[in-house]
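Enquirer: Can you make the complete structure from the sequences, with help from the hints?
Read top to bottom, the protein sequences are chains A, B, C and D. Following our numbering, the numbering of the first sequence begins with 3 at its first residue and continues without gaps. Following our numbering, the numbering of the second sequence begins with 3 at its first residue and continues without gaps. Following our numbering, the numbering of the third sequence begins with 3 at its first residue and continues without gaps. Following our numbering, the numbering of the fourth sequence begins with 3 at its first residue and continues without gaps.
Since the hints were derived computationally from the structure, they do not count as laboratory data. Treat the hints with care, as some may be off.
One copy or two, either will do: identical chains are not told apart, so a pair holds if it fits within one copy or between any two.
[As the list claims (entries may be wrong)] Pairs of lysine-lysine residues, derived as DSSO-like cross-links and limited to a Cα-Cα distance of at most 30 angstroms, are as follows:
#: 1; residue 1: Lys101; residue 2: Lys10
#: 2; residue 1: Lys116; residue 2: Lys9
#: 3; residue 1: Lys97; residue 2: Lys66
#: 4; residue 1: Lys119; residue 2: Lys5
There are 4 protein chains.
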Amino acid sequence: MRKGIFKKTVWGFHLDFYQHVNNARYLEFFEEARWEFMRPLMESNILQENGWYTIVVHIEVSYKAQLGLGDAIEIQTSIPTVGRKSLTFHQQIFKSDKKLAAEAFVKFVIFDSKSQKSLFINEEIMNMFGLNEL
Amino acid sequence: MRKGIFKKTVWGFHLDFYQHVNNARYLEFFEEARWEFMRPLMESNILQENGWYTIVVHIEVSYKAQLGLGDAIEIQTSIPTVGRKSLTFHQQIFKSDKKLAAEAFVKFVIFDSKSQKSLFINEEIMNMFGLNEL
Amino acid sequence: MRKGIFKKTVWGFHLDFYQHVNNARYLEFFEEARWEFMRPLMESNILQENGWYTIVVHIEVSYKAQLGLGDAIEIQTSIPTVGRKSLTFHQQIFKSDKKLAAEAFVKFVIFDSKSQKSLFINEEIMNMFGLNEL
Amino acid sequence: MRKGIFKKTVWGFHLDFYQHVNNARYLEFFEEARWEFMRPLMESNILQENGWYTIVVHIEVSYKAQLGLGDAIEIQTSIPTVGRKSLTFHQQIFKSDKKLAAEAFVKFVIFDSKSQKSLFINEEIMNMFGLNEL
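Expert: Right under this line is the structure:
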């Protein structure tokens, strides 16, 4: 299964009053990693040409360890779960000591602006997200 | 049960590429509403004096309807669920037509910096969050 | 001259590593206050109907005093400066003790998507922004 | 003069209603690049050990060209201006076609929490920021 790796460093403006990365900020880390995972798709322009766009319908995040100033993090992203009309990202943030800092499941649909409906997840869609790679 | 109401308008800088409020931005809306809910507690300085702070351990968000430019939203916040060592916020964002736009469950613990442990949720803690009000 | 007043409270997620509101976050406070100032204009739909949109071309911010947890702030917004093809917001953030926390000048143009040019600031534009009110 | 280079890609969550990177978001791009520029200093822990921290006192940003989805940007950072008690970053964002997208001047002081005063910029401070490198 294809896995995306995105690395980042935690800086002072990522931290909040409690000197740790704020829970909402993690969502931006996860989001940046998802866009990087989808980079080939975004560069292909397929979504725009078809009038399709992704809509997040459900997010679940478990916070396991706190992140502080200077932490080098690695965000791993994959799409292990394929539903009839949805795909679900699995994402994990690891610290440099391999400790899991946070884990997310992000379920999304692909919305077709012409029919105003979500698409069924067929072979074409799975190829778009690189899900048929070994 | 005590319920907090926080109102806000969606503006252009809240929207993303898809012209809708981005999923990460909702987390900031929910967070601002939680701080407003906790306003009496924050103004009392109890947490700081005891060396306690809140840590979010789990977040679940369901996105039900999209929010766009100029939408007047109302965020309702309560704490219906009390565990042995955790509290869980229930939050809902409603549009002006009363349609539910998003729903969140945010579980948190109260961390004691002296013992480096999470506190048990006793009467004192429940009073702090106004959970014994009728 | 028309002056907009927008009030807000500083919460924990607005603060950074240094326990003060981060310089980039002020820009969001200023931006939210500008949208509130332009609320009548945004509700009228004039910009969208004409294919016009505002583009910020220059920002200058002076930070005068730090903002911390629980600070009740008031953001004052006006447009004292009108150029040939630009308008400049003047914005000030005051703390509850009337102390000036930050001051900004935000220069913007109104871009016409049809001609792909910035508009000259005529009477119609000035009326749009309420600049002819006494 | 030492120059820091930081690269980034613009994704959908960086854009706003107008499909361009929002003016406040640029400040976060600039801020991330400044922290990367100061990485050796942050890793040395000198600031924390001395009870010193940096405070931004003035920011000026000129927006020259708009940034959109997928743009690969390069942020150049240097400190060309040294005052008696302040340092000023010069930062430029370039698009992949070498076009200048935005330019910032960010003036800051180093605040000493013991004396509650800003430090004079002496040789030690200049070395800390790598300003005596050829």
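Enquirer: Now look at each hint and say whether the structure bears it out.
Expert: Evaluation of the provided hints:
no.	hint	in the structure
1	Lys101 / Lys10	both (15 angstroms within a copy, 26 angstroms between copies)
2	Lys116 / Lys9	neither (37 angstroms within a copy, 33 angstroms between copies)
3	Lys97 / Lys66	within (11 angstroms within a copy, 33 angstroms between copies)
4	Lys119 / Lys5	within (29 angstroms within a copy, 35 angstroms between copies)
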